[in-house]
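Two chains, each in its own frame: build the complex with the hints.
Protein sequences appear in the order of chains A and B. All residue numbers for the first sequence refer to the working numbering, where the first residue is 244 and numbers rise by one. All residue numbers for the second sequence refer to the working numbering, where the first residue is 6 and numbers rise by one.
None of these hints come from the bench; they were simulated from the model. No incorrect hints appear here.
Simulated DEER-style distance windows between Cβ atoms:
| # | chain 1 | residue 1 | chain 2 | residue 2 | range |
| --- | --- | --- | --- | --- | --- |
| 1 | A | 464 | B | 268 | 32 to 42 Å |
| 2 | B | 11 | A | 437 | 52 to 62 Å |
| 3 | A | 337 | B | 224 | 34 to 44 Å |
| 4 | A | 256 | B | 191 | 33 to 43 Å |
| 5 | B | 223 | A | 383 | 33 to 43 Å |
To list a few chain A residues with every Cβ distance to chain B over 12 Å, as calculated:
| # | residue |
| --- | --- |
| 6 | 264 |
| 7 | 268 |
| 8 | 270 |
| 9 | 322 |
| 10 | 326 |
| 11 | 343 |
| 12 | 358 |
| 13 | 371 |
| 14 | 437 |
| 15 | 466 |
Glycine included, C-beta positions come from ideal geometry on N, C-alpha and C.
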Amino acid sequence: MIIKAENISYTYSEGGPFEKAALYNVSLTINRGDFVGIIGHTGSGKSTLVQHFNGLLKPESGRLTVDGIDTSEKKADLKKVRTKVGLVFQYPEHQLFEETVRKDIAFAPVNMGLSPDEIHDRVIWASRLVGLPEEILDKSPFEISGGQKRRAAIAGVLAMKPEVLVLDEPTAGLDPRGRDEILRQIKKLHDETGITVVLVSHGMEDIANTVNYLYVMNNGRIVMHGEPMKVFSRYEELEEMGLTAPQVTKLMKKLCGLDVCTVHQAKEYILGVLRRA
Amino acid sequence: MIKTKNLEFKYNVDLDPVIKNININIKKGEFVAVLGHNGSGKSTLAKHFNAILLPSGGAVYIRGMDTRNENLLYEIRREIGMVFQNPDNQIVATIVEEDVAFALENLGVPSQEIRKTVDWALETVGMSEYKKHAPHLLSGGQKQRIAIAGILAMKPECIVLDEPTAMLDPIGRGEVINTLKRLNKSEEITIILITHNMDEAVFAHRVLVMNDGEIIKEGTPADVFSDVEGMKSVGLDVPQVTELMYELRKEGIDVPQDVLTIEQAYEVLSEVLC
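The shape of chain B in the complex, shown without the other chains (with noise of 0.2 Å):
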C-alpha cells in the first residue's frame, strides 16, 4: 500500500533533515500508529503519503506510485485521505451533509451517487442523525467524525490521521478511537494514526516509533511498550499497567513485561498475589 525508500526530507537544502532514513512498508489494511514525541518528524512524515511533502532524497510509493509524479496526484490523494488535528480548521460547508459532499462534488459525481455515498459515510462514523445539524454547534469528537466522513465520502483506500484526538475530551477521543477501528475492521480500510497519546497506539497491529526524524523501533504494542526505559528516554508513555510491572520487575518480582490491558494484569498479579 505505502512504500518508502530512504526517504528523507529537508525544509531547506542547508537545513539538517527533519526525517531521514525512513523505510517502511504498509499493508492494505493495517492499523499502524506513529508514535513520538513533538518534533519527532512524525507529521512531516505522514504529510509524504498524500504528496502534501514531497521527498528530498529516496521515494514514497503509494501502490506502486511515485509521490514524485504529479501526473498521478489526483490518483494519489484519492487513495490516501488526510485528516488532522484542529477539527475547526477541516470544516468548509455550513450543513453537515453538505460538508461530506463537498469533495464529490467537485470531483462532479451525479448527484444521486453523492446522496448515497453521504448517507453511507454518515452512517459508518455514527453521525447520520445530524447530517442537518451546523457543523459548528458539534462536539469536537463529533466534527472530527465529520471531517472522517468527509474523507471517506472519497471511498480512500487508506486513511492517514494526524493526532486527531490531541483537542478532545475523553468522550470524543472514544467515538473518534472506536470509528477508526470499526473503519479498519469491517471496511477494510488502512489506518495510519499519528499520536502521542499510547493507549491509542495500543489498538495498533503494529508501532512504529519517532525521535530525531527516524523511526527508532517498530513492533507490536506489547513488544515497543515492554521497552518502558527505552520510551521513556525519547519523552514517550507506556500504558500505566505496563509501568508497574517494569516496576515490579526491578524489585526482582518475576511478572511478565509484556503487559498492556487491566484483565492482563490482573491475571498476572491475581497469580503472584494468591
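For reference, chain A alone in the conformation it holds in the complex (with noise of 0.2 Å):
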C-alpha cells in the first residue's frame, strides 16, 4: 500500500466567515500499481482530497500516509512525500513558465540536485513517456499547441520519477484527439512502469475506459467504490449526484440487466447471445 488515508476530514477556513467543509471521515487504500480512478461533481472534495496525497493540505482530524510517512506529524520529511507523489493540477499548462520546453521539465530535477547528464537524462526520458518529439524541447512552451502543453506540465513532474501520479482533471478543455491521445500516453506510462496513477475526472468515459478501480465523491464523503462497471451500473444513484455513465452502461443494462462500461464489452456480449442463438 503507498497511500492510506484513515478517516480524514478538512475544512477551509476554519472559524472564519467562510468557513467550508470539504471532506468528512474519508478513508481509502491506494496500493502500489493501482490505476485509480476518483470522480464526483465540482465541490464534492475531489480535489481537496488529492491535495492531501502529496501533503500539500494536511488532514484536520485522521491520518494520511503516504508510504508510511504520516503527513501530520511535525517532523513528516514532506520533500520526501512531494516527489513520491506527483501531483498533476488541473489546466498544468497554466503553470508553464520557463524559457525553453526543456527547462520547464529539467525545473524539478535541477531543484532535487541531480546531476547535470541525470538531468537530461530523466528531461528525454518523461518527454518520450507524454509522447512529446524532442525537436520541440528547444522551443518555448508558449509557441506549441494546447495539447503539447499539457503533455509537457505532465513531463515536468514525471521528471522527478514520483511512484505515485495524480492527475486532477488531466483532460479538461481538450478536443477528442487530445484527449484520447493523453489517455493513451497515461495508460501506457501505467502498463510500462507500473507507477500508481490516480485520474480525477469528471470524463465517465475517460474514466470506463482506463481505471481498475474507482472512488465517488459527493459532498465531502466517499459514496461509491469499486469497480468501474459495478459503479456505474448504479447509473441512477450517479445522475441523482450530478454524475452520468457512459451511454452503453445505461443502454445494456436496460437491455438485459449486465454491467458493462466500454463500447466493446456491449459488443462483445450482443455478438455472444447472436451467435449462441
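Right under this line is the structure:
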C-alpha cells in the first residue's frame, strides 16, 4: 500500500466567516501499481482529497500516510512525500514558465540537485513517456499547441520520477483527439513502468476505459467504490449526484440488466448472444 | 439570417488561409452546431459572424448587411451576440444584475426599461434568484448563464457560442445546453453552437463539421454521426451507441447506422436480441 487515508476530515477557513467543510471521514487505500479513478461533481471534494496525497493539505482529523510517512507529523519529511507523489493540477499548462520546454521539464530535477547528465536523461525520458517529440524541447512552451503544453506540464512532474502520479482533470478543455492521446499516454505509462496512477475526472467515458478501481465522491464523502463496471451500473444514483454513466452502460442495463462500461464489452456481449442463438 | 460567400480568412497575407471556401446559409430560428477539433477553424469562423474578424476574401452577410461595412457594425453586433469559453473573462460587474445591465446602460436605454429587460433576461436563463449575488461566488454553469443573460438583454436575433461548456462540469453543461434549447424554442433565437462535444451537437437541427479550415460535412445529426469512420478520421467522436451500431454492422449484423440516443438503440437491439 502506498497511500492510506484513515477517517480524514478537512474544513477550509475553519472558524472564519467562509468556513466550508470539504471532507468528512474519508478513508481509502491505494496500492502500488493501482490505476484508480476518482469522480464527483464540482465541489464534491475530489481536489481537496488529492491535495492531501502529497501533503499540500494536511487532515484536520484522521491520518494520511504516504509510503508509511504520516503527513501530519511535525517531523514528517514532506519533501520526500512530494517526490514520491507527483501532482498534476487542473490546466497544468498555466504553470509553464521557463524559456524552453526542456528547462521547464528540468525544473524539478534541477531543484532536486541531480547531476547534469541525470537531468538530461530524465528530461528525455519524461518527454518520451508523454509522447513529446524531441525537436520541440528547445521551443518556448508558449509556442506549442495546447495538447503539447499539457503533455509538457505532465512531463515536468514525471521528471521527478514519482512513485504515484495524481492527475486532476487531465483532459479538461481538450478536444476528443487531444483527450484520447493524453489518456493513451497515461495508460501506456502505467502499463510500462508500473507507476501508481490516480485520475480525477468528470469525463465518465475516460474513466470507464482506463481505471481498475473507482471512488465516487459526493458532498465531501466517498459514497461508492468498486470496479468501474459495478459503480456505473448504479447510474441512477450517480445521476442524482449530478454525474452520469457511459451511454452503453445505461443501454445494456436497460436491455438485459448487464454491467458493462465500454463499447467493446457491449459489442462482445451482443455478438455472443447472437452466435449462441 | 447569416450568409457567407466564399469566405476566406488569413491572419497575414503571406500565410495560408485559416478558413476557406466557406459557403453557409443559416436561417432564422435554426439551431446549428459547428463541430471540429482544436485548430480546425471553427472559432475563426464564429468571429466572422459579428464582425470581430473581417473576411480576407469573399463576404459575410448578416440579414443582408455586409460585415465589411463599418457603418453597420453596431447594428450587426446587436443582431448577433457572442458568448465565449471562459465564463470568468466575460463578467465585468460585481453584482449579477449590474452585469446583465452593462450593455443596456452603454446603449443609454431608459432605466425602467433596463429593469424590465434585465429581469426578463435573468428569468429566461433561470437565474432570477441570484440577481443580487456576486458573480465570482457562482458556479461555472451559473456564470455562463449570466453571460448569456447579458447577451439576451440586447435582444439579439442570434447568439453564437464558442465552446461555452468546455470548462464546465456535467451539471453546468446541462444547465447551459438546456438554456440554449429553451431560447431556441420559446424565444425563437437562432443558436450557433461551436463545440467539440458530440453530445451537445445531437440536439441541433443541423451540424456543420470543420476540418483544416473547410466545412467537410453538413447535415442532420443522424446523417453526420452515421459516418463513424469519417468523424474519427478528423479527430471527432460519435455517441457511444452510434459507435456500437457501427461495430455490430462491421460484424455483419443488420442494424441501422443512424442511431443517436439510448432509446433508439434500445428499440433496435431489443428487436435483434429477442
